[in-house]
Every structure is written in structure tokens, then in C-alpha cells.
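Chains as they are written, first to last, in the working numbering: chain A, 2 to 264; chain B, 202 to 525.
Note that these hints are calculated values from the structure, not bench results. Nothing here was measured: the structure is a model prediction, and the numbers come from that model. Hints may be right or wrong, so weigh each one.
[What the hints assert, rightly or not] Straight-line distance between alpha carbons at most 30 Å, and here's what the computed DSS-like set of lysine-lysine pairs gives:
hint	chain 1	residue 1	chain 2	residue 2
1	B	462	A	263
2	B	464	B	219
3	B	462	B	219
4	A	263	B	350
5	B	219	A	263
6	A	86	A	51
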Amino acid sequence: MRIVVPMRAVPDLVEEIELTADETGIDREYLTFVLSEWDAQALEEALLLKDSSGAEVVAVGLADDPEIDQVLYTALAKGADAAVKITYSSAAGSSGSAGLRTADRAAVLAGYLAAQPADLVMTGVQAADDLDGQLPSALAVLLDLPHVSVAVSVEEAAGSVTVRQEFAAGISHELQVQLPAVIGVQSARQAPRYAPITRIRQAMQAGGLREVTVTLPPARSTLIVRRMHRPEETGHAEMLAGSAGEVADQILGLLRARGLVKG
Amino acid sequence: MNDEVSGNVMVLAEHTGKQVSEGTFELIGKARELASAMGCKTEVILLGSRELAGQLSGADIVVCMEHPGLIEYLPEAYERALLEVLVQRPPRLLMMSNATIGLDLGSSLSARWDAPLVAYVSALDVDGRAVTATAKILGGKVLAEVELKGERGIVTVLGGALSASAAQLGGTPEVIDLVPPAGLDSLRMSLRQVLEPDPGDIDISAADMLVSVGRGIESQDNMEIVLELADALGVPLSASRPVVDAGWLPKTRQVGQSGLKVKPRVYLALGISGAPEHLEGMRNAELIIACNTDAGAPIFGAAHFGTTVDLFDLVPELVDKIRG
Chain A
2 MRIVVPMRAV
12 PDLVEEIELT
22 ADETGIDREY
32 LTFVLSEWDA
42 QALEEALLLK
52 DSSGAEVVAV
62 GLADDPEIDQ
72 VLYTALAKGA
82 DAAVKITYSS
92 AAGSSGSAGL
102 RTADRAAVLA
112 GYLAAQPADL
122 VMTGVQAADD
132 LDGQLPSALA
142 VLLDLPHVSV
152 AVSVEEAAGS
162 VTVRQEFAAG
172 ISHELQVQLP
182 AVIGVQSARQ
192 APRYAPITRI
202 RQAMQAGGLR
212 EVTVTLPPAR
222 STLIVRRMHR
232 PEETGHAEML
242 AGSAGEVADQ
252 ILGLLRARGL
262 VKG
Chain B
202 MNDEVSGNVM
212 VLAEHTGKQV
222 SEGTFELIGK
232 ARELASAMGC
242 KTEVILLGSR
252 ELAGQLSGAD
262 IVVCMEHPGL
272 IEYLPEAYER
282 ALLEVLVQRP
292 PRLLMMSNAT
302 IGLDLGSSLS
312 ARWDAPLVAY
322 VSALDVDGRA
332 VTATAKILGG
342 KVLAEVELKG
352 ERGIVTVLGG
362 ALSASAAQLG
372 GTPEVIDLVP
382 PAGLDSLRMS
392 LRQVLEPDPG
402 DIDISAADML
412 VSVGRGIESQ
422 DNMEIVLELA
432 DALGVPLSAS
442 RPVVDAGWLP
452 KTRQVGQSGL
462 KVKPRVYLAL
472 GISGAPEHLE
482 GMRNAELIIA
492 CNTDAGAPIF
502 GAAHFGTTVD
512 LFDLVPELVD
522 KIRG
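Build out the structure end to end from the sequences listed, making use of the hints.
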């Protein structure tokens, strides 16, 4: 079984997000990019399938995406069998993939997958900045494959996969899905494995990112972002000042007033 | 209906087969406002189970499609059925929840029905004939105001973002039955079973107070200090999604959209940034106290009291003082 895992990095949300001067996008110049957490989960679930059934796992990313080499070499260090960097040329001219919408991103990946078909495509259920919708089902439509998102477990079962799809309040559905298929992974059956920095460096020194080029059809997305801004605060917490000990006293005061702490 | 408006405002009802979800009523309430501003009607799509139409009194029209394969949600079946509804009765705007079904079908319907989609929507407005959606992206740190031009569009709306009150108005909607599309019996997937949550653990939704921990705890080894605090207070430890996804606490302890909704008297949030999906699960707590070193974290917009003191300094102080 050949599993392809599309991956990318997104802005690190721990940092302050700056907007562009015209306020229609985020200023990427000083941002740190980190692997999208859901893509990390998708890779882990794919590697678990490799562990149990010997599947071949191929991590793929768009060549113009920020930190993509780091993302793909880390995937190799964790156990992916191959990593592919996709370059695209667009009829409308390439402007880099940083501002790509989901629909366009899906078109690039579909171009690659049409030439190099997978039995299973597993990617993150969502990304922090996918304003125009999520990748898994956008990709599935282009490939005309069945798709399931918000998966929390994917296991092989003779020509198909058994997928657990999660809903609110802990309810989930167990589905039988014919292959080939596209799965949007919410979380893997176990926490994503760790790749020591030495092994990532070894992967980098060995090189081994394959490069392919696809032609991107004209952009389809029609969203018009009028403005981006930080949330206006309708309310804000009253901030407790002082040392850790002083703040602890104030919090305990609040709990004592409600009878939740004695004394 | 104004002839210049191409269609109505349509809401996909989510249900368990017996009960329409609370989120659906939030969507219907907002749909009524938008429909009124656009001079069109509010339609609700009800797949699977026609008898639930009686719960949808806030709608002008309920579009039903009955088929045994639609009683429980199945992505491929729902996608085919919804596409059939969209083709037969094209709305101006389709509203879905930004939970599992919206995450599953938003993009595919956008592509198949050729309509723009805005995800993570927290507000909607009508400006002339244009619909403007405000989306909370980047973990709630940025709001994007997006114009949906043209004659059709899809939004997936965050839970808890809109008020459900307007949807409870009593009325008798017109019920329209549509014939299910061919092919619902020959799908590439099937539902094998519905799994209920493990009842073996503590019910965090019944707790008076919760100590809740997020990504800021950094590692499994550090969980010890928050467990100690929960223990000293005699309350359960809950968590936001990243902590549960990492396997540091069981799923039964997860607060938020894909976990449980809680309403304790006190919610102590430690190292939780406050992504919209988390806020949905705890914003109704009576008192929210948040600890996060990032003064710009969205959690402080929902909390009553906050501190930017490091949780690794604060928690041991709390434990020492409680234990005396």
C-alpha cells in the first residue's frame, strides 16, 4: 500500500501575528513557521500503518512553502520512505505558494497524485489558516475518491480501511472505506513520534528529497478578503498583578469566596 | 420572494436521528436574520428522518430527503444528497456547522457545486446583495472579513458564535420532499457501528470546578504538577485538545468542540491559548481564571480574571498554599 501524506508548515501561533500594511493578509516576513499539528498527526497515523502492515509512506510538500525542507526531512527522520517536493507552474504565473488558497493547493497535489497514484492519502484535517476550507475533501473531489475527515484511527482491512470518525461529546462512527481514499486526520492513535535532531541532520546530509513539477490550472478561488484585524475585545479578563505567590493568593481568594477552598 | 435574489438562505440540520443539534438552531436564528435582510426565505435541509421536521419551527421551508442511508451521517451519502438539494433548489447561501460535517463536506461541496466557501465563520452580515463573513483564523488570533460575491456561497460556522434564540419562534414551515439521488445504495463506504464514549471515567461536565491544562504544559512529565493541583483542590483535571491528542489525558477529559461542553462554577485554564474550538466548550463557566504567558492569547477575551505569570511558577505556589 502506498500512502501519500501532504504536509506543510503554518505560522507558529505562539508568536505575535503581524498584518500586512493593507490589512488583507498576514505579514510573513518575521513569522516563524512550524509543522501544522494535524499534518504531524496524519504522518504518525501513516507511520503506524507502515509499522503494522509494511505500507510505503511518502511525505509530500509544495516547494515554495515556508520551511518545507525541514518538514520533509523531519518526516524522513521519523520513518517516511520517501519525500517529494512539488514545484508548480501556473497559467497565471507562479507567485509562490505562501498565499495559496486550499482549492489551489489541492489542484497542485491532485496534479502530482494523478501521475503518482496513492492507495491512501492522509493529511491533516485542517490547518490554522485554511480560510477557504479544508484540504482533504477538496483534494478528494479532484481525484474523485471517497473521503472521510476528523479521523482518529485508520487501520488496514483487505482492500479497504477501517476509519473512526469523531463527532462532538466523544461519539464516533466506525466506517469501512474502499481504497483508494483520502483521509483527513484529527489525531493519530498515539502521540506523534519524536525525531532526534541528529537523525534530522543525517536525513538532511543524505539529501534525498525528490522534486517533481506539475502544471497548476488557473486559480479557482473567488474569496475577496476585505480586511483582516485582531479580534476586538468585547470583554477582557481583569489581570491579576504581582509575583507568582501574590497571584496565587488572589486566585485562592476567588476560590474561597465560592467555598471551593477552605481556610 | 424578490426575483432578483437567486435563492434562499439554507441551513443543513444536524441531528442524532432523534434530536436536532443545538448548533442547528444557532444557524437557523442567523439564517432568519439574513433572509429578512435579503428579502428571501429560510430553508432547512433535513436528511434521513422526516419526523424531526416538527422541531424546526424557525424555518420557512423544510426540505426533506428520506432514505435509510441518510439517518446516520455518512460522508459520501450526505455529500450526494446535499448536492442533489443544491442543484434542485440552489440557495444564495448554505450554512453548515464548522464541526465534523462542515469540516468533512464544506470543501467538497464548494468544489462540486462551484461556490466559494468561508470556514471558521463567527459573524455574518448582508451588505446590499453581498454577504460578508467574518472568519476566526490562526487559532482565533486574526479575524478575516471576507466578501462572498456572486450568486452562491457556503459558510461553515463556529459553534457558540451566534445566538439560538431567534430560531425558537413558533411557526409551521412548509415541508417539501425531494427524491434521493440514485446511487445511495452503491457507495464506496459504509457505517459499521456508532461508538459511544467510554463511560468508565469521571464526567467532567458534572464537576463544580475544573483545573484545565493546555499546550503550555509542554510535556507529559510536567503533567505531574497540574495533577497535584487538581488533587489538592479535589477537582478533576481536564484539558484542551492538544493535550488529549498527545495522549497525556484520556478523551473523556477533553473540553471543546470535539470534546465536552462544560459549565462549572470555576474553570481554571492553565497554558490554554483559547482557540475558538476550545472556547466553545467552556465559555459558559460561571468564573473563568486563565493563566498564560502570552498576554495576547484569545483566552483572556473569554476569562474573567487572568495572569501572565508562568504556570510553572504559579501552580506550585497554589499547591503549597492550599496544602498549607
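Tested hints:
no.	hint	verdict
1	B/462 - A/263	holds, 28 Å
2	B/464 - B/219	holds, 24 Å
3	B/462 - B/219	holds, 20 Å
4	A/263 - B/350	violated, 59 Å
5	B/219 - A/263	violated, 44 Å
6	A/86 - A/51	holds, 21 Å
The structure fails hints 4 and 5 (numbered hints given earlier, in ascending order).
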